[in-house]
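6 protein chains.
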Amino acid sequence: MSIDAQQYRVQAEPYYQPQGREVALFEAAYRNRLPVMVKGPTGCGKSRFVEHMAWRLGKPLITVACNEDMTASDLVGRYLLEGGGTRWLDGPLTTAARIGAICYLDEIVEARQDTTVVIHPLTDHRRTLPLDKKGELIQAHPDFQLVISYNPGYQSLMKDLKQSTKQRFTAFDFDYPEAGLETTILCKESGLDAETAAKLVKIGHAARNLKGHGLDEGISTRLMVYAAQLIRDGVDAGDACRMALVRPITDDADIRQTLDHAIDVTFA
Amino acid sequence: MSIDAQQYRVQAEPYYQPQGREVALFEAAYRNRLPVMVKGPTGCGKSRFVEHMAWRLGKPLITVACNEDMTASDLVGRYLLEGGGTRWLDGPLTTAARIGAICYLDEIVEARQDTTVVIHPLTDHRRTLPLDKKGELIQAHPDFQLVISYNPGYQSLMKDLKQSTKQRFTAFDFDYPEAGLETTILCKESGLDAETAAKLVKIGHAARNLKGHGLDEGISTRLMVYAAQLIRDGVDAGDACRMALVRPITDDADIRQTLDHAIDVTFA
Amino acid sequence: MSIDAQQYRVQAEPYYQPQGREVALFEAAYRNRLPVMVKGPTGCGKSRFVEHMAWRLGKPLITVACNEDMTASDLVGRYLLEGGGTRWLDGPLTTAARIGAICYLDEIVEARQDTTVVIHPLTDHRRTLPLDKKGELIQAHPDFQLVISYNPGYQSLMKDLKQSTKQRFTAFDFDYPEAGLETTILCKESGLDAETAAKLVKIGHAARNLKGHGLDEGISTRLMVYAAQLIRDGVDAGDACRMALVRPITDDADIRQTLDHAIDVTFA
Amino acid sequence: MSIDAQQYRVQAEPYYQPQGREVALFEAAYRNRLPVMVKGPTGCGKSRFVEHMAWRLGKPLITVACNEDMTASDLVGRYLLEGGGTRWLDGPLTTAARIGAICYLDEIVEARQDTTVVIHPLTDHRRTLPLDKKGELIQAHPDFQLVISYNPGYQSLMKDLKQSTKQRFTAFDFDYPEAGLETTILCKESGLDAETAAKLVKIGHAARNLKGHGLDEGISTRLMVYAAQLIRDGVDAGDACRMALVRPITDDADIRQTLDHAIDVTFA
Amino acid sequence: MSIDAQQYRVQAEPYYQPQGREVALFEAAYRNRLPVMVKGPTGCGKSRFVEHMAWRLGKPLITVACNEDMTASDLVGRYLLEGGGTRWLDGPLTTAARIGAICYLDEIVEARQDTTVVIHPLTDHRRTLPLDKKGELIQAHPDFQLVISYNPGYQSLMKDLKQSTKQRFTAFDFDYPEAGLETTILCKESGLDAETAAKLVKIGHAARNLKGHGLDEGISTRLMVYAAQLIRDGVDAGDACRMALVRPITDDADIRQTLDHAIDVTFA
Amino acid sequence: MSIDAQQYRVQAEPYYQPQGREVALFEAAYRNRLPVMVKGPTGCGKSRFVEHMAWRLGKPLITVACNEDMTASDLVGRYLLEGGGTRWLDGPLTTAARIGAICYLDEIVEARQDTTVVIHPLTDHRRTLPLDKKGELIQAHPDFQLVISYNPGYQSLMKDLKQSTKQRFTAFDFDYPEAGLETTILCKESGLDAETAAKLVKIGHAARNLKGHGLDEGISTRLMVYAAQLIRDGVDAGDACRMALVRPITDDADIRQTLDHAIDVTFA
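The listed protein sequences correspond, in order, to chains A, B, C, D, E and F.
Just so we're aligned, residue -1 is where the first sequence starts under the numbering used here, counting upward by one.
Just so we're aligned, residue -1 is where the second sequence starts under the numbering used here, counting upward by one.
Just so we're aligned, residue -1 is where the third sequence starts under the numbering used here, counting upward by one.
Just so we're aligned, residue -1 is where the fourth sequence starts under the numbering used here, counting upward by one.
Just so we're aligned, residue -1 is where the fifth sequence starts under the numbering used here, counting upward by one.
Just so we're aligned, residue -1 is where the sixth sequence starts under the numbering used here, counting upward by one.
Note that these hints are calculated values from the structure, not bench results.
Please note that a few of the clues may not be correct.
Copies of the same chain are indistinguishable here, so a pair counts whether it falls within one copy or spans any two.
Said to hold, decoys possible - Pairs of lysine to any residue, SDA-like flavour, derived with a Cα cap of 25 Å:
{"no.": "1", "residue 1": "Lys209", "residue 2": "His259"}
{"no.": "2", "residue 1": "Lys209", "residue 2": "Arg46"}
{"no.": "3", "residue 1": "Lys132", "residue 2": "Ser71"}
{"no.": "4", "residue 1": "Lys186", "residue 2": "Ala196"}
{"no.": "5", "residue 1": "Lys160", "residue 2": "Val107"}
{"no.": "6", "residue 1": "Lys160", "residue 2": "Leu213"}
Nothing here was measured: the structure is a model prediction, and the numbers come from that model.
Let the sequences and hints guide you as you build the complete structure.
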């Protein structure tokens, strides 16, 4: 097997601020090789957490951004035509099962059901992956673990994980960090001073209160980091906030006015 | 035929706790080569039972996790391009019919109808499988048997087996094991002490009573085993229960509170 | 033409109990090469009848289990890649037309409309099959006949044969055999004694009365044969009936209770 | 061009009983190479008429049974893989345009819209067929003519020809032949005596009066010919009528009773 | 580039009767290479006008009949397998952009949206066509112009051009020619005398008044030319009108009676 | 890597009239490599702005017109058959990530969700693009930046960017330029005199007031430039306005009359 496992190593420690006991609990889940589901809203740090854990456990990480056009073959592998014949190409899930990587299926609920069913035998006592098209039954590497992410705010009647999938995972809840922690994150990621960062956090929390009252989601930590970077780069605070916190998330005139007002007041 | 039947043998005896006369009845069905349908909720041990029977009967077992994108070709086989020509590749059902394996189609109702129709001639007096695309008519090996699983809780008007399929199977009902048996299973699978295991079972039964009252499905035995493993590994019982029994199956605040309360009371 | 017609011969006389004048009428239809439609519920013996007639007429039989993913190409044929070029592979309908077989399209209404339209020129005075993709016009072998099956209970507004298809067939009605005949069939197929067989038939008839009152279909003769085989094999009559007659066809608690009661009373 | 035009010649004169001036009018349309649409119910002789005209005009006839899975490529042609390269294969419409055949698209409304749009440039002053995928623009042979059939009883809001297609055709109405003519046809096609044939026609007309009152379509002339053939073969007239005229077209118990009664009375 | 541009030249002057200033305005649009949309009902002469303008401007014309199964690749091009490798085949739009043809997309609204989006960069200041699959960015030939047709009567909520497409075109309205002009056209195209042609035009105008009152579209000039040709060929005027003007466009008994009456009165 | 980056350079300065501080803000976003979303109505200059910024920053620009049939493979790349084997062909997004181009996804909301999910890892701290089908993980070139456009007026419940996508971008609002600026643009782009250009702008503004009152969108600056070019070319102002400003955008008789009246009055 000539797969370059090295390219999947997380090289540098990804910055991560723990919110609770999630690091220790994830380690326990990994010791027992229990499948893990990380739940929470957009941009609250789920992917960062998984990356951090892969680095901490010293395991390769293979991330797959799921989408509704993804098929089981995209995960498992397919035959390629080559030199007059065919060559089997492992998909990312198969690669992870072979090399003992943590396989992270991001927003798995977006994928078609065949991709969720395909992970079933990897998530129970069998820990196998049948490559039906190749006639091969893979026994997962002892280090292999499956992690999926799931945003409860998105689920609808049309698109939800089947119970037979949910009942194969242990789960962690994530949320935006509390104010002090989020301020620290902004400073660390942008180099901005703590006072200005705290103002941004204040605006963000105001917006999160509008969730369900005109906003589909609150402002993510990621967008706040964008605003912090722009201010740190010399952009006017009002311009930076409008450009990074307001314009991307809503076109509703009332909501925009409310948020713009909060920005003006905060940076007055 | 160079198929490696050996890889489909169940090597070690899979742990299985009989709930009634299902072992003897399955053996009678197998003696008469009657097709079998195993019915019951998620994670109650259907797949484990089939695996156990394959081991007990000493027959190879080929399992296929059905899904809505699976086509008849995925079961029966297809032509592959190779060395300037094509090579026929048997699908798992064809392989099972040739080598005399038990073919287990897990959650067959998920599959498209063409995959269910394709099994018809294998499930009546003909015991044949026509490979239309290859122009070959396979007579099933005398040891071949077809087993399917079916979760009655999932069926809807849109997705159900056709009567012409149902009327080709004998059927077994499965359910979660009763409390004493389930406690024994938890101890056996996790190494946890009986007293703590009994507490987990008590929580599980509380949750199963919520089925239809806010929960789509009860907590499966599998998730209880996860909780037992985490506690056995030193994780706080409350953390373990929340992570393995509550967070995976519901995002409803009321149900979570009810379950969290049951956990706190039980492990107080 | 190197097609192995021999593999499509029905080798041994298939057991068939005539219900009326259907054998003579089918023979008249065959003498005039009129297309035939056999109508009736699941498991009443339609396929067995066609097999029997093919044996009686001494003609090869090619059966195709139709399904909603079946395309005209699956019936007619397609090009395969081979040795750097392509090779045409006749589909089962084309093979039947060439070698003069009886072609039996089982549950044709399941197929997509293109597969039903493709049979039109084979079912009128032309008796031709145009292979558009090959640029060939096949004149059917003089022995060729087309037979289709049709379950009137399944048809809906969404899925029905077009009038322009129906009006190309002569038709036979089939139903479950009357009690005496059905008892004979059970004895013949399972080796069970007539008295016990009669009890099974009694239960079956009770269930058929529930059709439309909670049951979609009655219990087929096939399922009764299963029960007979299990009892003959030493299985308790109640267990055998529940496993073969009740569990496969319904999950409704009331219907199950009614049927279980009938079983208990009958075998008390 | 090595297309075997000869195989598309209508060898023997197809039996056709004119209903009015349709033969002369079709000839005028052909002289002016106007596209023709033949309209009428199932089995009234539309296809037979077109075949007859092709024989009378001495032109090859290429018939395509349209269906909802048919694509423009099925009509126009496609590239085939061959000997390491590709070879273009003309579709039936292209072949007809090249060799100067009458191309008959049967039940064109069943086809997808792309197949109807593809005929547009062949049906106006351009008389061209662009093979976009081949980069070739075909000028139709002077003898080429396009004929389509259309059953007004089938059209719905979902499936109808576009006005821009309809407005490219001259049209003929067809219907079942009147009683005397239909009797003559039955005698000619089956060898049955005129008296019995007249009785069949009487039954057929009774059924046609039920159209819209429980029957979707009346009984076609084709089915009456079937009944005539069976009676001529020695089958009991009642059996023959039930098998050829009633069972194929309806499962409604009331309608069946009405028709069976008419049969009994007529042949009493 | 070995494309045979010559085959796309309009050889002889297409007969066209201007209705207003459209010839001069189209010339101005062409001088400025502005994209042009020609709007109007079926069969009023839109395609003829475009052909005429291509002839008048001395530019090659590439016409594409759009349809709902047409993809961007059908317009832009695709890779073909050939001689063991692949060869890129330009689609008609790409060919037109390379050789400087007028590309006429007929009934563009029928096409899927990807085909309309693909023309965007060809219709603004960029005048480019990115061949994403080939990694090539084509700069359109200075003579290239894009023309589309659009029938406002067909558009629905489901199928309409996007505003971002509409706002890239200048537009011309077309309609059926007024009576005198239409009479001239009939005479010119069929050789019929003016008096009879005027009667046909009178019938046509009567029918156009029924548009919206039982007729979806009026009778096109094209159908009137058909009727004129048939009468000129010796067909009875009533037969010709029924066959060319009435039968193709409606099956409604009332409308047919109204039109037949108008025909009888006119040719009495 | 033999990609011809040169072909993606913007050669000449694209004419762009700034409406506010957008040039400086875009430069700040680019310095921090923040993803950018440009929002606004059709034809207001979004694409021109992006082109201008690419020229100003001296970076190659790769533009992709998104559409609903576009798949992730169209962006990322695919395998091509070649010389008996396969060759990987980078898609435009991959090319941009490799050579450090600005990748502009025009009207991204038109694309299927898989194409939006594929950009996620390129728009957070990872700046990676996994080529799952090739088993390669690309680290974006330091100069790479992602820009998308978005027309808020088009979004519906069915088609909108997911929050998890929106929350990855900074955003700019665009609108039609104010009257003086728009007049200047018309003069510059067409060579028309300022007085006539001002009249066109006046008509355009009248039409924009009808948005939501019968017009889906106002008249874009692009259409006004068309009108200006035609007038400059000698076309009558009324004809030019009708052809460029009215006919393309509406078929509503009332709206047309209102706009025609405004044109007549303005150019009286």
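Verification of the hints:
1. Lys209 / His259: within (17 Å within a copy, 28 Å between copies)
2. Lys209 / Arg46: This pair counts as within: shortest intra-copy Cα distance 23 Å, inter-copy 35 Å.
3. Lys132 / Ser71: For Lys132 and Ser71, the Cα distance is within 25 Å both inside one copy (11 Å) and across copies (13 Å).
4. Lys186 / Ala196: within (13 Å within a copy, 47 Å between copies)
5. Lys160 / Val107: both (9 Å within a copy, 13 Å between copies)
6. Lys160 / Leu213: Cα proximity of Lys160 and Leu213: across copies only (13 Å, versus 28 Å in one copy).
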